Amino acid sequence: MKPFGRLAYTTARRIGTCKRNVTTSRHFSVESNVQTNIESGTLYEMDLTVAKQLNMKTHLPSQLAKQMDTLGEIVTLVREPTAEVASCMRVVDKHLPNLRLVLWGAFGTGKTVTLNQAVHHAYKNNWAIVNLRSAMELTRRVKEIEMSSFVAGRINDPSNAVAILQNFKQQNQHVWKTLTDLLTEKDYEWSKSERTLKEKPITEIVEMGISAPFLASDCVGAIFRELRRHAKNDKLKVLVAIDDANSLWGKTLVKRADRTYAPPSDLTLVVHFRRMIANDWTNGCVLMVADKKEVADARDELEVSRHTPLELFGEEGFEFIEPFVPIETSNYTESEADTIYNYYVSKNWLASKSGKHSFLPQYILNLPIFLARSEEGRKQLMYLSAFNPYYYERLCAFN
Amino acid sequence: MHRLSHISTRSRSTLADKLRSAVGGSDYGKSKQALAAGSIAAKDENGEDFRELYVMPKRKLRGQIQLEQNTGRAEIKTRSRFDLMDRLAERPPRSEEMDPEKHKWSDVWPAARTFAASVVPLPVRMGSRPNVEKRAPFKKEGNLELVKIPNFLHLTPVAIKQHCDAIKKFCTPFPPELIATPSLAATCLPISVQYSTYIHQGTNIRDIRSRVVTMIVDVESLKLTENAQEKFIRLAGKRYNKESKKLTIITDRCHTRKQNLDYAHYLLTVLYHEANKVEQWAELKERSDNLQVEFEGSETKTKLVDLIEKAKTAGLKPDESSITEFGEMWKSYRNSEETVDKTREYGRQMKKLLGISGNN
Amino acid sequence: MLRIAFSRTCRSMSIASPSSVSESDTSVRKIGKALETYLKNSQQHVAMMEKHRTEFETGRRHLAKMMSLDIHELDQEAIDRAIQYLFPSGLTDPNARPVMRPPDEILPKFQRFTFDEEGKPEGTRFFTLNPKIYGLMSEIGVKTQSVMKFYDEHVGSRSVNRNDLEPANLSGSQWITADKIKKKLSEKFSNELYGQVIIAFEHLASLPGSAIEQKFLSEFREPMTASTGSKLFGPAIPEVQICAESNKRYAEVTTHCKDTRATVRVTDAGKGKYNIDGLQLHDFRHLQAREILLAPMIISQTLGRFDVAATTSCISNSLPEAPNREPLRRSGGMSALPRAVRHGAALCIAALHPESTESLRLSGLLTLDPRKNERSKVNQPGARAKWIWKRR
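Residue numbers (the numbering used here), protein chains in the order written: chain R, 1 to 399; chain L, 1 to 360; chain C, 1 to 392.
Simulated from the structure, these hints should not be mistaken for lab results. Being a predicted model, the structure only gives us computed values, none of them experimental. Note that CB positions come from ideal geometry on N, CA and C, so glycine has one too. Careful: at least some of the hints might be erroneous.
Stated by the list, open to error - Computed footprint of chain L on chain R; a stretch qualifies when at least three of its residues, placed anywhere within it, have a C-beta under 8 Å from a C-beta of chain L:
#1 80-92
#2 198-205
#3 257-271
#4 320-334
What the hints assert, rightly or not - Derived CB-CB ranges, DEER-like:
#5 C:Lys248 <-> L:Ser288: 48 to 58 Å
#6 C:Glu77 <-> L:Lys134: 18 to 28 Å
#7 C:His286 <-> R:Thr70: 41 to 51 Å
#8 L:Ala166 <-> C:Glu73: 19 to 29 Å
#9 C:Lys40 <-> L:Pro93: 25 to 35 Å
#10 L:Ala89 <-> C:Lys40: 25 to 35 Å
Stated by the list, open to error - Some residues of chain L that are not near chain C, with every Cβ distance over 10 Å (derived):
#11 Lys43
#12 Asn46
#13 Arg79
#14 Ala112
#15 Thr156
#16 Arg257
#17 Gln280
#18 Glu286
Turn these sequences into a full structure, and let the hints guide you.
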């Protein structure tokens with residue numbers, strides 16, 4: 001399939017150069033800053049400047065981000081789980097302990113996309129955003145480590161901590177002014193020379209961490225602590241969005257001095273994020289993704305393992321995050337697949353009309369790429385992708 | 001032309017003369033006689049003997065005899081075949097002599113034996129032919145295919161019945177109570193043993209598979225205490241079936257069935273006594289060591305109750321009464337294999353508990 | 001080439017014995033040498049058949065006694081069952097298994113001619129060289145005439161059943177092949193003649209009122225699926241059944257690929273759902289697997305119409321030698337299971353959707369793939385691979 005796919009792709013692009021006026025039913029939601037009802041089943045176009053601020057290019061799945069780059073716009077389908085998350089976020093209140101939502105679903109059903117839509121929703125509602133691209137980066141992709149001076153036995157991760165703080169700063173530009181108005185609770189003595197005094201803006205902690213990487217891990221803890229405190233006092237609402245959150249209870253590749261692998265509870269950043277998940281604070285929402293990549297081998301295409309929360313979080317993690325609301329992401333329905341199909345047709349992403357090219361044999365012409373715009377092609381794309389959003393997108397991109 | 005002349009020269013050769021004279025028959029050996037009589041000079045001018053050329057043996061050739069016989073000059077001798085009397089003495093095949101009414105087949109074929117065409121009176125045919133319309137499958141005489149396959153000619157229904165009648169005196173009748181009420185078997189006979197016996201067409205009565213013994217025990221009938229039962233289940237591992245509450249021991253490590261059966265009984269005994277032992281460390285058991293996770297007294301329950309209290313102040317409408325229902329669902333969710341449906345049910349109940357409806 | 005020979009009663013030549021020929025040397029007739037050979041062969045054949053028949057009858061009585069059955073109960077089916085019990089053969093080709101049939105069925109046929117007293121062949125069609133097929137054609141002609149006459153007489157009248165005035169109902173069947181007609185009439189003929197017969201049949205079947213000849217026509221018809229079924233390698237196209245609960249049509253078949261055995265059940269009027277040991281289509285992560293699974297639907301253009309349910313098992317796990325051993329994982333990589341299901345599904349679709357049978361067959365989806373994992377050899381790391389050779 002693979003080598004042929006490449007050839008077929010170029011052919012299809014060549015064939016599909018003919019322009020076609022498509023007046024499809026492309027419903028775009030109207031953008032507004034107030035909390036609106038999110039209508040599931042519609043396409044939603046994100047403003048490019050906003051997407052840049054929210055760092056969508058790195059947070060979305062890489063292949064999807066690449067395709068959006070090609071098409072020149074960020075259009076996603078708003079689906080049921082997004083609406084569910086939004087309705088849960090509406091409940092958040094200063095008296096209510098933070099609401100914990102777990103997105104779970106089979107591979108490729110849109111957990112990460114839903115998470116990013118929720119982040120965008122929080123942006124529109126002027127929430128503070130703590131977004132982690134993948135918890136696996138804290139446990140498996142640790143480039144440099146140093147022992148913590150604050151708590152004995154903890155392991156700091158300066159590079160990831162700096163990245164988290166930078167990302168925090170970038171994503172919260174819309175509430176940065178509010179954040180500067182919020183003041184610290186106590187004196188923070190980072191080292192002998194560096195300290196942040198009481199009653200200073202909490203953004204100073206962020207700046208401190210970015211400028212001094214060896215302090216960054218502690219700064220992350222401090223900023224999280226301040227955010228929780230201010231959220232409790234109803235100064236602002238906080239969305240904590242953690243992709244692959246079950247990796248916080250998974251295995252790590254960080255080695256201790258005795259060359260054994262450190263448990264995740266020894267990693268400073270993991271501990272900070274776990275504290276953010278704990279529900280001892282109010283006025284916030286924690287959105288987690290239970291993802292199979294912690295336990296499953298991505299290259300093993302035969303094994304079908306479970307993707308349910310208890311399996312992925314494990315007993316310890318499950319008991320930690322309980323009580324939570326599981327939100328399932330599922331495969332497309334036929335109408336959703338049609339919406340995406342019509343969008344691709346209108347963007348000329350699916351170009352070939354029918355298989356009337358004499359230079360190719362018939363059995364090749366029967367492949368979906370040669371009749372993508374015909375009724376038969378629409379059906380074949382739908383069933384060959386098994387209504388799975390990831391497979392559908394890959395199949396429409398013909399690779 | 002050339003060929004013709006060639007033949008003519010050949011026909012005038014001495015060899016041709018000799019052949020002609022031989023066919024004539026009357027003057028056979030004339031030159032020899034003439035030589036003996038001295039009519040032909042026996043010595044040449046050098047005084048050496050005349051060496052006659054060897055052309056043919058000095059007896060009648062087969063062609064000559066045949067020629068003589070065909071023209072009636074010699075009589076045809078007929079000889080009898082030397083084994084004719086033997087062949088006449090031999091019986092026709094037994095299958096042709098047999099009478100279905102008089103002969104008992106189990107006497108003719110009492111035990112397992114390779115197929116013999118002369119004994120089996122059935123006109124069986126076997127063998128694949130390319131065109132069956134033109135050529136029928138091969139008949140039974142001299143048919144190796146029929147010899148190669150196994151046969152049950154010694155296991156006809158009549159023979160089996162005879163065997164059964166013969167061994168009947170060694171058997172006891174099956175308990176009629178168990179036939180009347182099959183449910184009695186579960187209570188009266190908690191141990192059931194299964195094994196298989198294999199028969200072959202050949203003479204070998206052994207089969208490697210016949211050693212395997214499966215023993216199924218109803219664990220409840222062992223009347224273990226609660227602690228002992230838990231230990232029993234842990235020791236049995238995969239052999240214990242939670243649903244049917246039965247223990248299945250399959251033994252195949254020994255060479256004979258009896259050894260395996262003894263070993264299965266031994267295993268059961270050891271399991272039983274080991275389960276009834278109470279060790280010192282058994283008292284150190286904690287809540288997390290239990291076989292099953294309980295909702296009552298769990299951290300989740302305290303967290304949930306706390307959350308519901310706070311949710312009330314936050315203006316949600318939590319459904320307090322459904323916490324017992326949630327507890328039951330939670331227990332089955334934690335203690336059985338997780339499925340997608342169970343997780344969905346978990347989400348539904350949790351939303352109901354917290355008072356978050358899907359579409360508000 | 002004529003020789004002097006003798007013949008009195010040529011009508012029953014096959015019975016005539018050589019002694020009777022020599023007795024009647026008073027009437028000198030001329031007979032061809034070919035005819036003489038025919039007569040000799042015919043007599044031999046009759047004698048041989050007689051011998052075989054008595055042998056079979058004795059064998060049957062023996063078999064009845066062996067299986068302790070009454071001789072009247074022992075029909076051909078019972079004989080087959082008894083032979084299968086007494087000679088259990090595991091040969092895959094059913095034609096190669098032991099068989100006991102009446103000699104008239106199993107031995108090659110002897111073609112007989114009938115002659116009149118002068119040695120001339122009886123029946124005027126003898127000299128057409130194909131008397132039987134021309135006889136059939138003339139029979140069709142007579143029937144055509146009578147059907148037309150019947151229709152003309154009864155059209156509009158209420159004296160006959162209305163259904164009798166319709167053309168014959170031949171849906172779901174087709175004309176039998178030339179080979180089968182040849183076997184039926186026990187005569188060889190050319191393809192042109194077969195074509196003419198079919199044209200005549202078509203004409204008769206198209207006439208209104210041909211329903212009265214339904215029985216005659218259906219003798220020369222066969223079900224649609226039967227023609228491909230016999231040609232397929234592997235399991236045949238299954239029968240369509242109707243589910244008692246949902247009242248839907250379904251077909252079920254068992255097949256295998258490599259070490260995977262699959263029992264596939266395809267239900268009509270579904271939604272294109274798959275259930276393979278509890279896995280759905282999207283659980284097959286590789287596109288290749290999904291393409292394989294959907295191939296029968298794509299070729300028959302029935303995407304979203306059939307539901308497929310399959311249960312699979314590993315063939316080598318069913319061997320009972322070591323019961324406590326960990327069961328093997330099935331062999332054949334990522335495509336063996338989908339291919340087993342594909343073959344089963346294609347067969348079922350051919351049963352439920354007969355229009356696509358031919359295209360499925362041409363795509364090779366109805367043919368079993370008999371290849372198996374080759375066993376590894378002693379003193380070798382694999383089936384063909386050798387250890388690396390090293391100069392010592």
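Evaluated hints:
1. Residues of the stretch 80-92 of chain R with a Cβ under 8 Å from some Cβ of chain L number 6, which satisfies the need for three, so the listed coverage holds.
2. Only when three residues or more bring their CB closer than 8 Å to a CB of chain L does the claim for the stretch 198-205 of chain R stand; here the count is 0, and the claim is violated.
3. For the stretch 257-271 of chain R, the proposed coverage by chain L is not satisfied: 0 residues have a C-beta within less than 8 Å of a C-beta in that chain, short of the threshold of three.
4. Only residues whose C-beta sits within less than 8 Å of a C-beta in chain L count toward coverage, and the stretch 320-334 of chain R has 7 of them, enough to reach three; the restraint holds.
5. For Lys248 (chain C) paired with Ser288 (chain L), a C-beta distance near 50 Å keeps the hint of 48 to 58 Å intact.
6. The hinted range of 18 to 28 Å is satisfied by Glu77 (chain C) and Lys134 (chain L), whose Cβ atoms lie roughly 26 Å apart.
7. For the hinted restraint 41 to 51 Å between His286 (chain C) and Thr70 (chain R), the CB-CB distance of approximately 25 Å leaves it violated.
8. Distance hint check for Ala166 (chain L) and Glu73 (chain C): the Cβ-Cβ separation is about 27 Å, which falls inside the suggested range of 19 to 29 Å.
9. Range check, Lys40 (chain C) to Pro93 (chain L): about 28 Å between beta-carbon atoms, so the 25 to 35 Å window is met.
10. Between Ala89 (chain L) and Lys40 (chain C) the C-beta distance comes to about 33 Å, which sits within the given range of 25 to 35 Å.
11. The Cβ of Lys43 (chain L) sits about 65 Å from the closest Cβ of chain C, beyond the 10 Å cut-off, so the non-interface label holds.
12. Listed as a non-interface residue, Asn46 (chain L) keeps its Cβ farther than 10 Å from every Cβ of chain C; the least gap is roughly 67 Å.
13. Under the 10 Å C-beta cut-off, the non-interface status given to Arg79 (chain L) relative to chain C holds; the minimum distance is some 29 Å.
14. The non-interface label for Ala112 (chain L) is consistent with chain C: the shortest C-beta to C-beta separation is roughly 12 Å, beyond 10 Å.
15. Not every Cβ of chain C is farther than 10 Å from the Cβ of Thr156 (chain L); the closest lies at roughly 5 Å, contradicting the non-interface assignment.
16. Listed as outside the interface, Arg257 (chain L) is consistent with that label: its C-beta sits roughly 13 Å from the nearest C-beta of chain C, beyond the 10 Å cut-off.
17. The beta carbon of Gln280 (chain L) sits about 33 Å from the closest Cβ of chain C, which is more than 10 Å, so the claim that it is off the interface holds.
18. Against chain C, the non-interface label of Glu286 (chain L) holds: every CB pair exceeds 10 Å, the least being about 33 Å.
Consistency with the previously given hints fails for numbers 2, 3, 7 and 15, ordered from lowest to highest.
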